[in-house]
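Asks: Next come the chains, spelled out residue by residue.
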Amino acid sequence: MTFTASFLTDPDFIRVLYLAAFALFILGLHQLNHPRTARRGNMLAAVGMAIAVVATLLYPFVGDYLLIALGIAIGTAVGVPAARSVKMTAMPQMVALFNGVGGGAVALISFVEYRESLSFGFNPELETLIPILFAAIIGSISFWGSNIAFGKLQEILPGRPIQLPGQRFLNLALLAVAIGCAVIIAAGTESELLFIVILLSAAVLGNMFVLPIGGADMPVVISLLNAFTGLSAAAAGMALDNVALIVGGMLVGASGSILTRQMAEAMNRSIVNILAGGFGGVSVAAGAGDDGEAKPVRSTDASDVAIQLAYASKVVVAPGYGMAVAQAQHTVRELADELEKRGVRVDYAIHPVAGRMPGHMNVLLAEADVPYDHLKEMDEINPEFPQTDVALVIGANDVTNPAAREQADSPIYGMPILDVDKAGQVIVLKRSMNTGFAGIDNPLFYNENTALLFGDAKESVGSVLAEVKEL
Amino acid sequence: MDLLTELTILVLAAFVGFEVISKVPNTLHTPLMSATNAIHGIVLLGGLLLIGEATGFLDELLLVIAIAFGTINIVGGFLVTDRMLEMFKRRPEPRKAAEEPPAREAA
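Sequences listed follow chains Z and A, in order.
The numbering used here runs 370 ahead of the 1-based position in the first sequence.
The numbering used here runs 25 ahead of the 1-based position in the second sequence.
Don't read these hints as lab results, they were simulated from the structure.
Computed from a predicted structure; not experimentally measured.
Glycine included, every Cβ here is placed at the ideal spot set by N, Cα and C.
Among these hints, one or two may not hold up.
The following label-pair restraints were derived from C-beta to C-beta distances [what the hints assert, rightly or not]: (1) Z:380 <-> A:115: 45 to 51 Å; (2) A:115 <-> Z:776: 35 to 41 Å; (3) Z:386 <-> A:86: 29 to 35 Å; (4) Z:382 <-> A:77: 18 to 24 Å.
Input sequences plus hints: build the corresponding full structure.
Replies: This is the structure in structure tokens:
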């Protein structure tokens with residue numbers, strides 16, 4: 371009995387369990403590379419997490435099991451129903467929310483860790499103190515930033531950028547306050563008050579830095595916040611001398627950073643430029659109102675679109691945020707099925723930043739049972755547009771805007787886009803020409819081979835579907 | 026554990042993270058993000074390590090909240106990722122497409 375107990379609580383045994391957990395994390399992430407193995411990969415990572423938690427509970431000094439059980443029970447009671455019931459269209463805000471609570475946990479843990487050392491009367495050693503301060507700042511930014519991102523995506527807060535005059539200066543000042551207080555503490559001042567100032571200024575900074583970032587830049591922000599929470603968790607691991615936290619946190623920090631960079635590259639903008647804010651919300655995919663200036667656009671109707679689609683041999687659908695808002699993915703798939711019955715090949719062109727988080731469109735279309743091998747990435751589908759009879763653009767705007775290729779003065783010049791304009795015929799489904807934010811004009815709408823079908827994306831696709839069935 | 030060992034582990038973990046992730050296709054970016062999101066819930070361990078020695082109501086309260094947050098992050102993150110990945114399917118014969126779309130609106 372004593373033998374088993376001492377063996378189980380031996381720190382080396384716990385470290386071995388941690389090692390098993392890391393192996394499972396890495397294997398799991400590796401299997402997320404392919405849709406066929408991804409589900410198993412996620413489960414492996416979850417098993418790894420369970421092992422890491424159980425191993426930690428074995429430490430003899432871990433106690434107060436009642437409080438631990440209470441915390442875990444509350445977390446499960448909140449997390450499970452939320453994860454079970456969330457709609458696929460609400461996935462971006464769910465990811466933001468889960469990310470936020472992670473950041474919040476880091477900030478709270480660093481605060482308690484600091485208070486505990488103060489209760490012995492002095493600051494911890496620098497090698498513990500510096501990670502604590504880092505975790506406090508980044509964790510707090512991540513918590514508040516994610517909450518704002520959630521608010522925006524859930525439309526509790528307006529999605530358009532909210533900017534105060536001198537915002538950049540203010541952000542820098544807040545960062546300076548947080549870092550300044552951290553330096554004062556690290557230099558030897560023992561002050562809980564200063565620590566609270568750090569948490570608060572980082573909190574305000576978290577709010578301020580996400581508020582001005584709008585719609586189309588959300589994928590970058592979400593992956594950046596994810597990276598932040600990972601890094602702060604790794605820092606907390608350094609402070610607590612816990613390898614599992616260091617490895618787990620850093621894996622996420624690294625993967626989040628990579629994803630952030632990929633998203634920024636897909637928009638041809640630097641991360642700094644995106645964080646400076648302002649542009650993203652204006653370019654929101656939902657609407658690109660032309661300011662009343664009368665350029666001719668050709669509008670069309672459902673029966674016309676139906677005929678063009680039904681007699682095409684190759685159709686490419688380019689979905690954007692508009693499809694998500696209208697929840698049109700199921701109707702789109704029904705239309706594609708109907709067309710495929712007639713021998714039309716239907717593919718989907720997915721721009722890396724279409725939607726509000728990385729891979730947003732893929733999840734929605736997967737929900738509608740569109741097989742993933744029909745979802746083509748930008749580089750794969752672009753050479754195919756010249757051989758495409760009809761490109762059907764559903765609620766996407768900037769990612770199809772040829773100005774990015776042609777007009778050097780356009781704000782989005784240089785951004786890689788889907789070359790839908792090279793298809794024989796382009797049909798754009800839009801709500802209207804003049805709702806939404808006054809955005810960047812899209813020359814695609816005025817092309818000779820472009821026709822616009824106005825209306826709610828779901829209704830439009832539905833009526834096209836009905837017409838196709840009648841043919 | 027000394028600082029250098031910890032830094033070594035940190036840097037190596039970063040490289041593993043870069044390596045493993047850089048190959049993930051766009052198709053899986055959302056599940057990837059939500060799975061890594063769940064993994065940073067590992068900060069839960071921090072709460073577990075501290076709560077035994079915590080004294081005073083405030084510290085205990087903060088740690089229970091931290092543990093609850095970490096649990097939401099882990100449990101919610103893995104579950105939601107699984108729900109998403111369950112949907113990613115390949116149609117055996119792309120041209121044969123007649124079955125009714127199962128209404129997969131969330132329960």
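Asks: All the hints need checking, so say for each whether the structure fits it.
Replies: The hints, checked one at a time:
The supplied range of 45 to 51 Å is met by residue 380 of chain Z and residue 115 of chain A, whose beta-carbon atoms lie about 46 Å from each other. The hint said 35 to 41 Å for the Cβ distance between residue 115 of chain A and residue 776 of chain Z, and at roughly 37 Å that hint holds. Checked against the given bound of 29 to 35 Å, the beta carbons of residue 386 of chain Z and residue 86 of chain A, roughly 34 Å apart, stay inside it. Against the hinted window of 18 to 24 Å, the Cβ-Cβ separation of residue 382 of chain Z and residue 77 of chain A comes to about 20 Å, which satisfies the hint.
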